[in-house]
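K.L.:
Quick note, the sequences are listed as chains A and B, same order.
Everything in the first sequence is counted per numbering that gives the first Met the number 0, starting at 0 for the first residue and increasing by one.
Everything in the second sequence is counted per numbering that gives the first Met the number 0, starting at 0 for the first residue and increasing by one.
Source of the hints: derived by calculation from the structure; they are not laboratory data.
Some clues are possibly wrong.
[What the hints assert, rightly or not] In silico lysine-lysine, DSBU-like type, Cα no more than 35 Å apart, as pairs: (1) B:138 to A:138; (2) B:497 to B:208; (3) B:138 to B:93; (4) B:497 to B:93; (5) A:93 to A:376; (6) A:376 to A:138; (7) B:497 to A:7; (8) A:208 to B:208; (9) A:138 to A:208.
Spelled out from the first residue to the last, the chains are:
Number of protein chains: 2
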Amino acid sequence: MDAVLQAKRNELMARWQEIYDLTGIAALLNWDQSTYMPVAGGAVRGRQLALLERLAHERRTDPAIGRLLDELQPYAESLPRDADDAAHLRVMRKIYERSTRIPAAFAAEFAEHTANSYMAWVAARPQNDFAAVRPYLQKTLEMSQQMAEFFPGYAHIADPLIDFADEGMTVAMIRPLFEELRLALAPLVATISQRPPVDDSFLRRNYPKAQQIAFGESVIRAFGYDFSRGRQDETHHPFMTKFAHDDVRITTRVDEHDLGSALFSTMHEAGHALYELGIDPAYASTALDTGASAGVHESQSRLWENIVGRSRRFWEHYYPALQAAFPAQLADVDVDAFHRAVNRVSPSLIRTEADEVTYNLHVIIRFGLELELLEGKLSIDDLPEAWHARYQENLGVAAPDDRDGVLQDVHWFGGPIGGSFQGYTLGNIMASQFYAAAVAAHPAIEDEIGAGRFTTLHTWLRDNIYRHGAKYTAQELLLRVTGQPLTLTPYLTYLRTKYNAIYGLL
Amino acid sequence: MDAVLQAKRNELMARWQEIYDLTGIAALLNWDQSTYMPVAGGAVRGRQLALLERLAHERRTDPAIGRLLDELQPYAESLPRDADDAAHLRVMRKIYERSTRIPAAFAAEFAEHTANSYMAWVAARPQNDFAAVRPYLQKTLEMSQQMAEFFPGYAHIADPLIDFADEGMTVAMIRPLFEELRLALAPLVATISQRPPVDDSFLRRNYPKAQQIAFGESVIRAFGYDFSRGRQDETHHPFMTKFAHDDVRITTRVDEHDLGSALFSTMHEAGHALYELGIDPAYASTALDTGASAGVHESQSRLWENIVGRSRRFWEHYYPALQAAFPAQLADVDVDAFHRAVNRVSPSLIRTEADEVTYNLHVIIRFGLELELLEGKLSIDDLPEAWHARYQENLGVAAPDDRDGVLQDVHWFGGPIGGSFQGYTLGNIMASQFYAAAVAAHPAIEDEIGAGRFTTLHTWLRDNIYRHGAKYTAQELLLRVTGQPLTLTPYLTYLRTKYNAIYGLL
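This is chain A alone, in the form it adopts within the complex:
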């Protein structure tokens, strides 16, 4: 690369670093709002966040970025696809083109609308008041359809929205996959329903907060979460957030009468954090310093939470320590009973509290509703009833109201309708596919988990997935890492093996 080109590349990277920093600063403001902000601080916080978003948007759509990208395009094309600079330029171009397609006035209107919609939802949900959010949802739907129209040439109107979160995925790919999964899960759920229910009542004894947090942190420290580059605080809804390459924090919530709540959310968010913390330091502060997609991100949170954290081997090692932390509460519970309890399958109303087997049915319901809404086949007015009908049909449960029905998730009230849910189930599927590849490469991983050691697994994930950041799409990553495109087989094998053992189905 000659000096002129090098100077252009440096200018582009320096400009992008500002976008990166503005995003990290906004993440800190959001984190503070959820953790420590005094109540009256909220009034101005929204304005501060809107300012940062405007500044970032101005920079993302600055014509100077487009010019530099164009000038560097021949250089990008001279590189092999997996060269770092090729990836830098490819990802920046993707974001630049996406951002400039959406008119600034539309972006501002949508940001303001979703902020209002979110506040309306926060007020309406406890009141079970769907009517109060109906007009917001109607406008969200119309604006989501409009947003898709900024990306003409799609096969399905949801495709551009899905592409925002899970680049390259389309309705044509996801719909048959989810249908296949649904058809495989239905008999598993039905069979398990015939078995005597697992007793998990002891999970609801009194578990003091401090010991819960200490135990959870000892687990994620063993996973490899580095507290010099992160920390855990308490929030109403757990999340992972990133302020910079070396500042990736997680949050949890503690219920003193639900031992699983904080523990598994801590492992889940730590999984997200391990991903971000494992990105190549050479990508720090660039467009590659983030996960590949919503689905790949979720694959890592679910891998650590479920495949590792809810496994029999894991508890073989950790259960004595848990009993030592809660000697009175767990004296009469052996490791088998505990392992069964934290894997209890039971169709329920709330997605975030669902077990591994039924969880995807919640996601598939939402994904289907999103498509019908965007296609114009389902109206907002008919949405609450459609929700209830799908739950009855797929899970055999009926919410008594909309609070635990259509009002239960924040997603449609804080963002577009479309693209918000598929990542959860894609993540579950990928988690098993990645994990199977890890174990195939290093069969000792399973015994190590049984000994409370995670280094081989963590190192393999870092070397094969984490370090690449956003360099590869999910599909590229799957192919590179597992030798296969996205496939259901490892996931179904995992679920059947695990739940056959727990419920003695064989």
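Following the hints, complete the assembly by docking chain B onto the known chain A.
P.N.:
Quick look at chain B alone, frame taken from chain A:
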């Protein structure tokens, strides 16, 4: 005001609001850095802060601001000086003119230099390594002199630097005032030194952290600190910070073997916070939404910490509660002994730990050294020895090293040399002047303090000082509120009365 003018005014206020928000956001980043940030987060935090400072500086010096101010100048001049809009325009113009006088390249270089200098100081102080910071300090001195040169026409080279923090104050005003104070304090210190030393050993018993914090917070809640608009966290050095009109936080540090440390720092920072929280809500998010000067700010922290919080009347009410919080530790200590202990006068090496009487001697030493450095009469090389000599001369103590000598304060390592210290003593003087006016207006204040009630005092301070924010200069405020310019008399009367009683000097 016609519609065109109104539109210009609105545009100016909207532009200023962005500066206000960028400043509030930067304050949050600084607060996080001191409270919760994981160690590795520091690398990028400086860069994020530099970005925000650059964005704010660009906006403060935007020629559009100058144009709007010029267009609104006839309107400003048509208003009485104490009209809100006259003050808005006056204060914005002051900041605009000050900011545009300093070339952007100089401002950036100085910001980068002080960041480096601060880091060098953090490393050098524990090592007692003056040589390591000497070149930084030399550059700071040269840049401080250069900065003053951007404001030609001064009587003393320190005047422009003093004006940044204490607008309108000059060396010509401060030097004789401080000399008069020094001459009045010297015999008081000498006389007290002849008396038997006060026993304060019981303050160093073991006082558990949680009870210390709970007691301190109960006191500032009674002062009127509103925890829905603020909160208290722990940091190495206590401070007050403001993210927005309704988010004003304080920090403290707890030493389990020093009961006074957290308690009085909590009252001190709460005093700063009460000031900011008491500003007229109509000034929220404007250039007036801040204190009048460093000196006036310090007057409020010292008023609540010392005049109220170290008074005999205050402890008359609060000591039983303190004893209840620490029954074992304070069983053998009566209120008189406690009151004497927290007012013990003893010449010492460290400014921030000094008692009320000797504190100003620490400040006066620094103020004098700053002037001589700026005047070119004292070199950086000779500074450490000059420091030791002044301490010996004025306080009769000798630091064993530079760590507790010239390296003890952050000020010269995190900002210019000049203008950084006078506010502390000006604040002490003003605190007594304001308090005397409050008691003259409402003699019941003193009895109320003895009953643990602070409403009359707080309301008077809010109505007469706090609500005005930056509308008036310190001198205007003193004249309006006390009918007098800055005067030493109330302060000397306060000190003599208090310490005569404590040390039985009469």
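K.L.:
Are residue 497 of chain B and residue 208 of chain B close enough, with their CA atoms no more than 35 Å apart?
P.N.:
Answer holds: residue 497 of chain B to residue 208 of chain B is near 30 Å, not above 35 Å.
K.L.:
Check the hint pairing residue 376 of chain A with residue 138 of chain A against an upper bound of 35 Å on the C-alpha distance.
P.N.:
holds, 16 Å
K.L.:
If you draw a straight line from the CA of residue 138 of chain A to the CA of residue 208 of chain A, is it 35 Å or shorter?
P.N.:
Status violated; Cα separation ~42 Å.
K.L.:
CA of residue 138 of chain B to CA of residue 138 of chain A, is that 35 Å or under?
P.N.:
Status violated; Cα separation ~59 Å.
K.L.:
Does the alpha-carbon distance linking residue 497 of chain B and residue 93 of chain B stay inside the 35 Å limit?
P.N.:
Cα-Cα ~40 Å, so violated.
K.L.:
Taken at face value, is the distance from the CA of residue 208 of chain B to the CA of residue 208 of chain A at most 35 Å?
P.N.:
holds, 20 Å
K.L.:
Straight-line Cα separation of residue 93 of chain A and residue 376 of chain A no greater than 35 Å?
P.N.:
holds, 31 Å
K.L.:
Could you grab the alpha-carbon distance between residue 138 of chain B and residue 93 of chain B and see if it respects the 35 Å cut-off?
P.N.:
holds, 27 Å
K.L.:
Quick one, are residue 497 of chain B and residue 7 of chain A close enough, alpha carbons at most 35 Å?
P.N.:
Violated - the C-alpha atoms of residue 7 of chain A and residue 497 of chain B are around 69 Å apart, more than 35 Å.
Hint compliance for this structure: hints 1, 4, 7, 9 are broken, all remaining hints hold.
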